[in-house]
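One line per chain: the protein sequences are A and B, in this order. Residue 51 in our numbering sits at position 51 of the first sequence, and the numbers go up by one each step. Residue 331 in our numbering sits at position 331 of the second sequence, and the numbers go up by one each step.
Take these hints with a grain of salt, some might be off.
Only pairs whose alpha carbons sit at most 25 Å apart, straight line, appear in this in silico PhoX-like list of lysine-lysine [said to hold, decoys possible]:
| id | chain 1 | residue 1 | chain 2 | residue 2 |
| --- | --- | --- | --- | --- |
| 1 | B | 74 | B | 137 |
| 2 | A | 158 | B | 69 |
| 3 | B | 255 | B | 267 |
| 4 | A | 83 | B | 530 |
| 5 | B | 550 | A | 158 |
Think of the hints as simulated: they come from the structure by calculation, not from any bench.
Listed below are the residues making up each chain.
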Amino acid sequence: MVKQSLRATVDESLVKEWIDKIGRDSPATVPLLQAVQSEYGYLPRAAMDYIVEHTNISGGQLYGVATFYSQFRLKPVGRHKIKVCHGTACHVRGADRVSTALRFSLDLQGESDTSPSGGYTVENVACVGCCSLAPVMVINDDVKGDLTGALAERELKKHARKNKEAIGVK
Amino acid sequence: MNAQNFEIIVGAGTCGIAAGSQDVYNAFKEKLPNANLHSVGCIGMCHREVLAQIKVDQNQSYLYGDLTKKNVSKVIDYHMGQGELPQELLITSSDDKEKINDYLGNQTRIALRNVGKLDPTSLDDYTERGGHKALKKILQDGMTPEQVIEEIKTSGLRGRGGAGFPTFMKWQFARNTKASEKYLICNGDEGDPGAFMDRSLLEGDPHNVLEGMLVAAYAIGASKGYAYIRAEYPLAVKNFTKAIEDATKAGLLGKNIMGSDFSFEVKVKQGAGAFVCGEETALIASIEGERGMPRIRPPFPAVKGVFERPTIINNVETLSNLPWIIVHGGKEYASYGTEDSKGTKVFALAGAIRRGGLVEIPMGMTIREVLEKVGGGSKTGRPLKAVQLGGPSGGCVPEKLFDTEISYKAINATGAIMGSGGMIVMDDSTCMVDLAKYFLDFTQLESCGKCTFCRIGTIRMKEILTRICDGEGVMEDIDTLEDLAAKIKDSSLCGLGQTAPNPVLTTLKYFKDEYIGHIQDKTCKAAVCKKLITHTIVQETCIACSLCKKGCPVDAITGQPKKLGTFKINQETCINCGMCVEVCRDDSILVK
């Protein structure tokens with residue numbers, strides 16, 4: 001679970017700490033963004049602005065890098081994160097049904113990847129490297145393997161009950 | 001026997017953990033608190049996770065699989081002298097020399113030799129199993145960098161990351177470049193969906209990878225190094241970081257290693273999720289803090305790489321072979337394999353295969369031998385149709401070519417590539433057009449956008465493939481695909497674009513009939529492409545249990561529970577997601 005969720009309030013002293021530790025020049029770009037994201041679950045505007053003002057990294061470079069790598073996101077994230085593996089083995093063994101089941105259970109409409117209540121964010125990832133357990137999803141850091149659509153839904157419901165999260169109707 | 005003196009090792013790689021190894025570990029800990037219990041990396045038998053080995057004494061050991069929180073008590077009871085030996089869980093034991101497991105028995109493990117056997121967080125464990133012998137041989141017995149390069153030349157080792165460039169040759173370029181500072185980078189940005197050997201090596205035997213880095217750094221004269229590891233592999237990052245700390249404390253890393261003049265330091269850099277960063281110049285850009293876009297070569301990284309210094313980038317598996325080669329000699333390594341491909345290769349065997357996992361086999365084995373002898377054949381009982389080698393850069397090898405030997409030359413001749421070692425097995429429930437679309441989807445998203453044909457050409461190819469899968473294709477589409485493929489290959493700067501069309505080209509070459517079926521007959525033989533199939537209920541076998549109705553996400557199924565013949569699927573609302581097929585207990589959903 002990410003430490004803070006949805007729209008976060010950025011603690012500038014934390015960002016300063018990371019900058020002091022990691023560095024102020026170009027090679028620090030990715031590690032700095034990783035530090036911000038691991039704290040807030042996404043890259044809040046305020047943290048980005050602070051980095052641009054207090055390092056030698058330009059806004060263009062920082063946003064360029066943030067939008068290039070799939071790890072980074074600029075939108076807030078739900079309280080829990082579900083990664084659905086869409087590696088080759090998972091694709092062949094039905095990852096699509098896992099995604100469909102989750103999208104319907106969480107009532108995700110259109111392009112949205114976060115449930116209306118802010119409980120869950122569902123992301124497709126390329127490969128988590130558990131190909132023999134395909135298809136696989138990862139709830140926060142917990143890997144669930146050998147899924148079907150129905151089993152994925154059951155795991156989600158179990159998780160939601162345990163964490164007192166409201167999910168969609170079905 | 002005194003069960004308290006046992007040594008118990010539980011497999012706890014990422015896949016072991018996913019299968020529940022922590023529960024099994026805890027059960028052992030609770031019942032046998034004084035046993036010498038520890039976690040190791042993944043032994044590679046992913047199909048039988050959770051795995052545990054019990055060493056009763058020097059000569060007696062048992063390997064168990066399929067363990068769960070519940071059944072582990074059977075194993076414990078047996079070793080405490082109560083109950084029968086749980087045969088169904090036993091994989092192999094020292095009592096039973098005949099029963100050498102097919103899966104492990106048909107492999108030759110060099111890179112993976114320690115994985116799943118030692119505690120990856122313990123430097124002592126590594127030393128005990130013969131670690132740092134290569135380093136000693138180089139630094140204390142005195143091998144010159146030239147001798148190291150010569151030894152690797154004799155071994156015939158080629159880069160295991162995908163391109164297969166001779167390792168010694170790359171080193172030679174960097175060795176010959178004069179510079180005040182050189183870099184050695186370990187490429188652990190394993191992006192190929194379906195390959196996970198680098199993860200397993202970094203998680204399960206990090207000190208071996210580190211020793212490999214030291215060998216390479218010594219050969220080229222590097223004093224600084226990076227281990228570039230995917231952020232999606234948290235356990236690999238953790239274990240490797242610990243290995244660096246421990247080795248530094250033990251004087252095996254840092255200044256004047258083992259009292260010699262050789263100094264080398266390593267930092268871990270976490271990748272941020274970009275497939276293109278597997279490409280050398282893109283990876284360098286990423287380390288420098290830029291968008292990971294490839295640069296024009298020359299200058300090659302061996303001449304001008306990270307921060308403009310000569311840089312060698314070697315793949316994790318390549319590095320893992322080095323300590324063994326230095327200790328046993330290049331000749332010994334070259335005794336495995338074929339004329340053009342020496343040694344062994346690790347494959348991640350997955351998909352419709354009975355025994356999936358990480359397997360290391362000598363080059364020259366045929367694909368069929370790997371699938372049957374090691375993998376145990378089809379998982380589903382349905383006939384195998386093809387294997388996909390090399391991921392998004394590779395291609396599909398059809399069943400009729402399964403007797404192809406595994407070597408760079410023979411695999412390339414089929415149109416696929418050796419790649420980093422993903423081997424996905426497919427039975428007749430995989431649609432080859434859909435698979436081609438899947439890979440194109442992947443490469444299109446991962447294209448960095450620098451070269452026009454890779455950036456836009458892949459989108460056009462994807463559009464055409466989508467059209468074909470939707471039953472809206474025309475015969476000219478096949479020619480357009482071939483034309484675009486040739487242009488993308490010719491006009492892309494890096495390996496991503498140059499190989500992106502391979503999945504389409506190989507499926508067109510071997511499975512053209514499926515493309516034609518989609519275009520002319522509007523049918524998908526494998527019943528995968530959603531717009532070309534329908535789901536209907538077979539009334540003769542339906543027992544009206546209503547599970548399908550409950551499972552349907554769009555409420556397309558109507559019917560009264562327990563009333564036979566009332567269940568129907570509304571074709572207007574059905575999205576052909578297949579969820580009903582999964583839950584139906586008596587195969588009463590017909591997909592056509």
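Quick one, are residue 158 of chain A and residue 69 of chain B close enough, alpha carbons at most 25 Å? Holds, because 19 Å separates the two Cα atoms, which is no more than 25 Å.
Need the status of pair residue 550 of chain B, residue 158 of chain A: alpha-carbon distance at most 25 Å? holds (17 Å)
Given the hinted pair residue 74 of chain B and residue 137 of chain B, is their alpha-carbon gap at most 25 Å? Violated, because 46 Å separates the two Cα atoms, which is more than 25 Å.
Mind checking the alpha carbons of residue 255 of chain B and residue 267 of chain B for me, to see if they're no more than 25 Å apart? holds (14 Å)
Just to be careful, I want the Cα atoms of residue 83 of chain A and residue 530 of chain B compared with a cutoff of 25 Å; is the pair within it? Between residue 83 of chain A and residue 530 of chain B the Cα gap is close to 23 Å, so the pair holds against 25 Å.
Checked against the numbered hints above, the structure breaks only hint 1 and satisfies the rest.
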